[in-house]
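J.: The lines below spell out each chain.
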Amino acid sequence: MAELVIDGVTKRFGATVAVENLTLTVGDGEFLVLLGPTGAGKTTALRLVAGLERPDTGRVRLAGRDVTLDPPAARDTTFVFQQYSLYPHLTVYDNLAFPLRSPAHREPEARIRARIEEIAGLLHIEDKLANRATQLSGGQMQRVAIGRALVRRPSIYLMDEPLSSLDAKLRAELRVELKRIQRELGATILYVTHDQTEAMTMATHIGVLDHGRLVQIGSPRAIYTDPVNTYVATRLGSPAINLVPRRLYPDIAAPAEAATIGVRTEHVRIRKSANGGAGRVRWIEHLGDQNHLHVTIEDTEVVTLCDRNATLAVGDAVDFELTAPLFFGANGERVRVN
Amino acid sequence: MAGIRVEHLHKAFADFVAVRDSSFAVHDGEFFCLLGPSGCGKTTTLRMIAGLELPSSGHILLGGEDVTFKRASQRDIAFVFQLFALYPHMNVRSNIAFPLRSQGMLARDVVARVEEAARVLRIEHLLDRPVSGLSSGDRQRVALGRAIVREPMAFLLDEPLGALDAEFREVMCGELRALHDRLKATTVYVTHDQLEAMAMADKIALMNHGVVEQLGTPQDIYDRPASLFVADFIGSPPMNFLPFRGRVAAGDRVVRVDSVDIALPELREGSADTELVLGVRPEHIELVDDAPLRAEVVDTEYLGTTQIVTLNMATGARMKARIPADVPVRPGERAGVNFRPGLLSLFDKGSGRALRTALHDGGAHG
Numbered sequence: 136m137a138e139l140v141i142d143g144v145t146k147r148f149g150a151t152v153a154v155e156n157l158t159l160t161v162g163d164g165e166f167l168v169l170l171g172p173t174g175a176g177k178t179t180a181l182r183l184v185a186g187l188e189r190p191d192t193g194r195v196r197l198a199g200r201d202v203t204l205d206p207p208a209a210r211d212t213t214f215v216f217q218q219y220s221l222y223p224h225l226t227v228y229d230n231l232a233f234p235l236r237s238p239a240h241r242e243p244e245a246r247i248r249a250r251i252e253e254i255a256g257l258l259h260i261e262d263k264l265a266n267r268a269t270q271l272s273g274g275q276m277q278r279v280a281i282g283r284a285l286v287r288r289p290s291i292y293l294m295d296e297p298l299s300s301l302d303a304k305l306r307a308e309l310r311v312e313l314k315r316i317q318r319e320l321g322a323t324i325l326y327v328t329h330d331q332t333e334a335m336t337m338a339t340h341i342g343v344l345d346h347g348r349l350v351q352i353g354s355p356r357a358i359y360t361d362p363v364n365t366y367v368a369t370r371l372g373s374p375a376i377n378l379v380p381r382r383l384y385p386d387i388a389a390p391a392e393a394a395t396i397g398v399r400t401e402h403v404r405i406r407k408s409a410n411g412g413a414g415r416v417r418w419i420e421h422l423g424d425q426n427h428l429h430v431t432i433e434d435t436e437v438v439t440l441c442d443r444n445a446t447l448a449v450g451d452a453v454d455f456e457l458t459a460p461l462f463f464g465a466n467g468e469r470v471r472v473n
Numbered sequence: 095m096a097g098i099r100v101e102h103l104h105k106a107f108a109d110f111v112a113v114r115d116s117s118f119a120v121h122d123g124e125f126f127c128l129l130g131p132s133g134c135g136k137t138t139t140l141r142m143i144a145g146l147e148l149p150s151s152g153h154i155l156l157g158g159e160d161v162t163f164k165r166a167s168q169r170d171i172a173f174v175f176q177l178f179a180l181y182p183h184m185n186v187r188s189n190i191a192f193p194l195r196s197q198g199m200l201a202r203d204v205v206a207r208v209e210e211a212a213r214v215l216r217i218e219h220l221l222d223r224p225v226s227g228l229s230s231g232d233r234q235r236v237a238l239g240r241a242i243v244r245e246p247m248a249f250l251l252d253e254p255l256g257a258l259d260a261e262f263r264e265v266m267c268g269e270l271r272a273l274h275d276r277l278k279a280t281t282v283y284v285t286h287d288q289l290e291a292m293a294m295a296d297k298i299a300l301m302n303h304g305v306v307e308q309l310g311t312p313q314d315i316y317d318r319p320a321s322l323f324v325a326d327f328i329g330s331p332p333m334n335f336l337p338f339r340g341r342v343a344a345g346d347r348v349v350r351v352d353s354v355d356i357a358l359p360e361l362r363e364g365s366a367d368t369e370l371v372l373g374v375r376p377e378h379i380e381l382v383d384d385a386p387l388r389a390e391v392v393d394t395e396y397l398g399t400t401q402i403v404t405l406n407m408a409t410g411a412r413m414k415a416r417i418p419a420d421v422p423v424r425p426g427e428r429a430g431v432n433f434r435p436g437l438l439s440l441f442d443k444g445s446g447r448a449l450r451t452a453l454h455d456g457g458a459h460g
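Protein sequence lines correspond, in order, to chains A and B.
Taking our numbering, the leading residue of the first sequence gets 136, the next gets one more, and so forth.
Taking our numbering, the leading residue of the second sequence gets 95, the next gets one more, and so forth.
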């Protein structure tokens, strides 16, 4: 395992700038997640590191060595794709052994067996080794695909939304397992996803991408509690942060430049109002574990979690009390309270 | 638009029973989800409503009329498949117009109807584009357009979001429900994804092995699961199960698990001395220092407002708790565990059925 440095990398496809002057470091043993919507440049960034794309400008260094112009096979990386591509005619064991038996990485069979048994144990597929790949469920197949990457000990693992083809329950299970495996192996991982839950729960650091640019990088907690702009603020949090005009809260102390107030569930206390109230309950959405309270204030709707024991009903007038909300300027950049 | 009634529907393929004696009603204007794991019979049920399969026995009523043995083309129903089957050589407008043209509708009326459908779906700007260049989300919107343009009595959708990538699926979920609110069309929606069903449905029929295990509103099914299967299938993370041996009686307000008394809603029925399971939703767990139930923290997952804490109980059971993110918890720590009594469930392990409690008083039953 080793450090990855991406230094001022730009990649254009025709007129489109997919990745713009990207600089970031993935430290040894770090789990870095690049988070962004479709078209943010996250997959291109990953392919640049793997050597599947070549940058227009900038350098890529892996374990201190400049690999910018190296072909993929000469870089010490492994790639896990969104769709598991297993060899259907091979057993799980032979699928896992495949990367170790390739001419470039030939290893003695006893070492291969020991390695596969270790990884299969980590992924809880040790009893499936003799099965054909086609006899597995989707979740098991994706575990084998991840396992095929883990049997090797590259400098860095590159993962492109490896959990997104799974159903919600398996995704939640594999999130916990992948994080545990990463910790146990001390693996360095660069992982891209659009899924905020994956980023929040697994990453040691999150890098937020917007149109090919890295907007903010930090721990999940830092990104969530201290976003640099409205774009980052809206990428994390469920329900999403409410961005309401400053004029709706004339009474609270805010910096002069503040045009927008960012209100998350934990920033607001809502009480039934005896006299008129600032807003009105429009709808309470029951999602099982969470109840989303939709409140209309003038022409703006605010959504927060509400305690299921709350006695609020549709049509009720309510008062708001804000506690330490976030402020943003007219350009969307964060305005900090001194 | 009209309601749908399914009465004692049964379908066997040779020895295999796909759907077993299922009955339910979809009310006029309702968004109804058939939910369940693969192989549970949900798609077979939908195909029988559409007329693509004939039942072995039972009846299907559409707007009060028995259509059980009518052909698909004679039922006034539109079907949207998982894979949007669009005509690749036609543009968006012609694809949406196709069902109307094949009915022989006047060209002038077709134009008006197609534009109305495009407006509802917010794809007016795409009408003259070829379908080949569209994103998967826009293709599925065109497929929906082809369904709504006919103004049928009901829409049947078979995992219409299954082929989209995860990000579009979430967006389309919101769009589909908003579309339903505008059209107020009776809709039967098949999915294996409980989050989709919880977010969109007015009512859910949760199927397992060809049987409707529970029928109710999303909140009903979440709060009062009728069986261990339902409790485990709904919720993310799902309900925690604490197995124990005991005897309970109607009127009991506590159960004894691992020599600790746990309060729960008053029981309305009892059991013999048998294997029971206490069901606890993750958000009903509190971590407190001095509680008699002890656990070790295995993992924490930070989610911003809340965090999910994985716990190893002293009994060996593993549980997940959803607690506020600002409570400091670290892996390796020992903690006391407390259950909020209001919404706990109790199951008979052998049959898997929930025991009735005060929670079931007056509420809808499964």
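FYI, nobody ran anything at the bench for these hints, they're computed from the structure.
Check each hint, because a few of them may be wrong.
As the list claims (entries may be wrong) - Below 30 angstroms or equal to it, Euclidean Cα-Cα: the simulated DSS-like pairs (lysine-lysine) are:
#	chain 1	residue 1	chain 2	residue 2
1	B	K278	A	K263
2	A	K263	A	K314
3	B	K164	B	K278
4	B	K164	A	K314
5	A	K314	A	K304
6	B	K297	B	K278
7	B	K164	A	K304
8	A	K263	A	K304
9	B	K297	B	K164
Unchecked claim - Beyond 10 angstroms from chain B on every Cβ pair, some chain A residues (computed):
#	residue
10	F148
11	R194
12	D229
13	F233
14	A239
15	A268
16	K304
17	Y359
18	L371
19	H421
20	D424
21	H429
22	C441
23	V470
C-beta: ideal position from N, C-alpha, C; glycine also.
J.: Give a verdict on every hint.
T.: Consistency of the hints with the structure:
no.: 1; hint: B:K278 <-> A:K263; result: violated (48 angstroms)
no.: 2; hint: A:K263 <-> A:K314; result: holds (22 angstroms)
no.: 3; hint: B:K164 <-> B:K278; result: holds (25 angstroms)
no.: 4; hint: B:K164 <-> A:K314; result: violated (54 angstroms)
no.: 5; hint: A:K314 <-> A:K304; result: holds (16 angstroms)
no.: 6; hint: B:K297 <-> B:K278; result: holds (14 angstroms)
no.: 7; hint: B:K164 <-> A:K304; result: violated (39 angstroms)
no.: 8; hint: A:K263 <-> A:K304; result: holds (20 angstroms)
no.: 9; hint: B:K297 <-> B:K164; result: holds (27 angstroms)
no.: 10; hint: F148; result: holds (17 angstroms)
no.: 11; hint: R194; result: holds (31 angstroms)
no.: 12; hint: D229; result: holds (27 angstroms)
no.: 13; hint: F233; result: holds (27 angstroms)
no.: 14; hint: A239; result: holds (33 angstroms)
no.: 15; hint: A268; result: holds (19 angstroms)
no.: 16; hint: K304; result: violated (7 angstroms)
no.: 17; hint: Y359; result: violated (5 angstroms)
no.: 18; hint: L371; result: violated (6 angstroms)
no.: 19; hint: H421; result: violated (4 angstroms)
no.: 20; hint: D424; result: violated (5 angstroms)
no.: 21; hint: H429; result: holds (13 angstroms)
no.: 22; hint: C441; result: holds (12 angstroms)
no.: 23; hint: V470; result: holds (21 angstroms)
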